[in-house]
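J.: If you read the sequences in order, they're chains A and B.
Take 1 as the starting number for the first sequence in my numbering and just add one per residue.
Take 1 as the starting number for the second sequence in my numbering and just add one per residue.
Honestly, I wouldn't trust all of these hints.
[As the list claims (entries may be wrong)] Here are the computed distance ranges between Cβ atoms for each label pair:
{"#": "1", "chain 1": "A", "residue 1": "Ile5", "chain 2": "B", "residue 2": "Lys53", "range": "53 to 61 angstroms"}
{"#": "2", "chain 1": "A", "residue 1": "Tyr122", "chain 2": "B", "residue 2": "Gln227", "range": "52 to 60 angstroms"}
{"#": "3", "chain 1": "A", "residue 1": "Thr41", "chain 2": "B", "residue 2": "Ser19", "range": "20 to 28 angstroms"}
{"#": "4", "chain 1": "B", "residue 1": "Arg41", "chain 2": "A", "residue 2": "Ala47", "range": "23 to 31 angstroms"}
{"#": "5", "chain 1": "B", "residue 1": "Leu155", "chain 2": "A", "residue 2": "Ile53", "range": "29 to 37 angstroms"}
{"#": "6", "chain 1": "B", "residue 1": "Phe182", "chain 2": "A", "residue 2": "Tyr29", "range": "38 to 46 angstroms"}
{"#": "7", "chain 1": "B", "residue 1": "Lys115", "chain 2": "A", "residue 2": "Thr10", "range": "47 to 55 angstroms"}
{"#": "8", "chain 1": "A", "residue 1": "Leu14", "chain 2": "B", "residue 2": "Ile185", "range": "45 to 53 angstroms"}
{"#": "9", "chain 1": "A", "residue 1": "Leu14", "chain 2": "B", "residue 2": "Leu84", "range": "30 to 38 angstroms"}
{"#": "10", "chain 1": "B", "residue 1": "Pro112", "chain 2": "A", "residue 2": "Pro66", "range": "43 to 51 angstroms"}
{"#": "11", "chain 1": "A", "residue 1": "Thr41", "chain 2": "B", "residue 2": "Thr12", "range": "16 to 24 angstroms"}
{"#": "12", "chain 1": "A", "residue 1": "Ala47", "chain 2": "B", "residue 2": "Pro112", "range": "40 to 48 angstroms"}
{"#": "13", "chain 1": "B", "residue 1": "Met200", "chain 2": "A", "residue 2": "Pro66", "range": "44 to 52 angstroms"}
{"#": "14", "chain 1": "B", "residue 1": "Gln42", "chain 2": "A", "residue 2": "Pro31", "range": "44 to 52 angstroms"}
FYI, nobody ran anything at the bench for these hints, they're computed from the structure.
Each residue gets a CB set at the ideal place from its N, CA and C atoms; glycine is no exception.
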Amino acid sequence: MIDPITYFYTVLLLSMAVNLGISLYGIFYKPSLIKKIISLTIFSDTANTFAIIVGYIRWKAATQPPQPPVLTNLNPTEKDLVTFASMSVDPLPQALVLTAIVIGLAVTLFLVFLTLQAYRLYKTTDVREIAKLRG
Amino acid sequence: MMSRVVGVIVITLFITVFSLVIALGGLGYVLPPESVRELARQYLLIAYNPFNKTFTVFSPEVVTSIVWDFRGLDTLFETVVFYLAIIGSVALARGFKSSKPEKDISQYGLSPIVKTVTRVTVGMILAVATSIALHGHLTPGGGFQGGATAAVVPLLVLVIFSRYYLETRGVSKNAMLAIRSFGLIGIGLTAFIVLIIGLMSGMNAYVFQNQPKPDAPVGLPALFDGQIISGTLWFFNLFEMFAVAAGFTIVFLLLSIPERDVFKYLKEEGGEY
Numbered sequence: 001m002i003d004p005i006t007y008f009y010t011v012l013l014l015s016m017a018v019n020l021g022i023s024l025y026g027i028f029y030k031p032s033l034i035k036k037i038i039s040l041t042i043f044s045d046t047a048n049t050f051a052i053i054v055g056y057i058r059w060k061a062a063t064q065p066p067q068p069p070v071l072t073n074l075n076p077t078e079k080d081l082v083t084f085a086s087m088s089v090d091p092l093p094q095a096l097v098l099t100a101i102v103i104g105l106a107v108t109l110f111l112v113f114l115t116l117q118a119y120r121l122y123k124t125t126d127v128r129e130i131a132k133l134r135g
Numbered sequence: 001m002m003s004r005v006v007g008v009i010v011i012t013l014f015i016t017v018f019s020l021v022i023a024l025g026g027l028g029y030v031l032p033p034e035s036v037r038e039l040a041r042q043y044l045l046i047a048y049n050p051f052n053k054t055f056t057v058f059s060p061e062v063v064t065s066i067v068w069d070f071r072g073l074d075t076l077f078e079t080v081v082f083y084l085a086i087i088g089s090v091a092l093a094r095g096f097k098s099s100k101p102e103k104d105i106s107q108y109g110l111s112p113i114v115k116t117v118t119r120v121t122v123g124m125i126l127a128v129a130t131s132i133a134l135h136g137h138l139t140p141g142g143g144f145q146g147g148a149t150a151a152v153v154p155l156l157v158l159v160i161f162s163r164y165y166l167e168t169r170g171v172s173k174n175a176m177l178a179i180r181s182f183g184l185i186g187i188g189l190t191a192f193i194v195l196i197i198g199l200m201s202g203m204n205a206y207v208f209q210n211q212p213k214p215d216a217p218v219g220l221p222a223l224f225d226g227q228i229i230s231g232t233l234w235f236f237n238l239f240e241m242f243a244v245a246a247g248f249t250i251v252f253l254l255l256s257i258p259e260r261d262v263f264k265y266l267k268e269e270g271g272e273y
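Chain A extracted, bound-state conformation:
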């Protein structure tokens, strides 16, 4: 009988590798700018998921799941704080991913706007057609 947590991790990591392959294929080989942007968002979401998994601490015991990095007791003793630090997941990747998502959204909006403008001017989003244009 396979351990369900190991199974979950294996499926998650393999699907992320597949996602990376699909998104890189899309970025390199799809000529349409819109499809490149979609692939870029898949790529950044996969990278964000990977960062979150890196920050994750495995279950130490089935009865003791990891806690979110939020202290619920506002009058803690020093012992409470040490317990909290040992049970909580790594907050640093979460902080990085949080800002990366918003910046990614803003940059995606900018790229969409750029593509829309290119379509208005050149009537195509095919990079091969746009590369042929001169002037």
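Use these hints to put chain B onto chain A, whose structure you have.
T.: Positioned in the frame of chain A, the structure of chain B alone reads:
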């Protein structure tokens, strides 16, 4: 042809390295090494620690403490990247103007049922967004998330009512630019506020300082009227919400300009479209 070869090489390399990382993990190498967790443990220990007044932020939410205090400069520069992305969109759309509506504004948009439901939910969405942003130092959330939630409101109104309705309510590009500038100025001021207080009172202080330090005894209070505000974190979250919500609204407004108005402008500029 060359780009195809480079593409194949890059994809192969990337997937090989990624598989190697996973395989090493499966073989029992701990990635990342355990010593990396020491940094996280320190952050978790001192984020809300009344016994360690030298480093604590007095925020029970450790992620927000990292975002706006321990690694605050990173977040400031990420806000600058956000600013540049929005400014880039505004620069691309310079000169675009939406024409006047051809019929009564109430004629545009979806059915009255959808409009009534939207009128009710818009207030609720704004309330949730504000609570996400203003409780960012207590519970998961913060200025980025609250602002992104609040930006759903103009998007909903754009789709369900119309662009013209939004403009009659005062949500124009220039108004949103003003609100976003207000938010960004607020973020800049909050970064310098402790330094300004320190200079005025003649005491030592740092840029991006939050709580008092042993060699810099000024700082913003952790409590306000008995409620935790964690010094500068509450203000950062508030201003970031304004900046993010208004920034997204600008791009939504620019994207919703009717195509015929854009082409009218482009023709006036001398192009053949």
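J.: Checked against the structure, which of the hints given earlier come out wrong?
T.: Violated: hint 1 alone.
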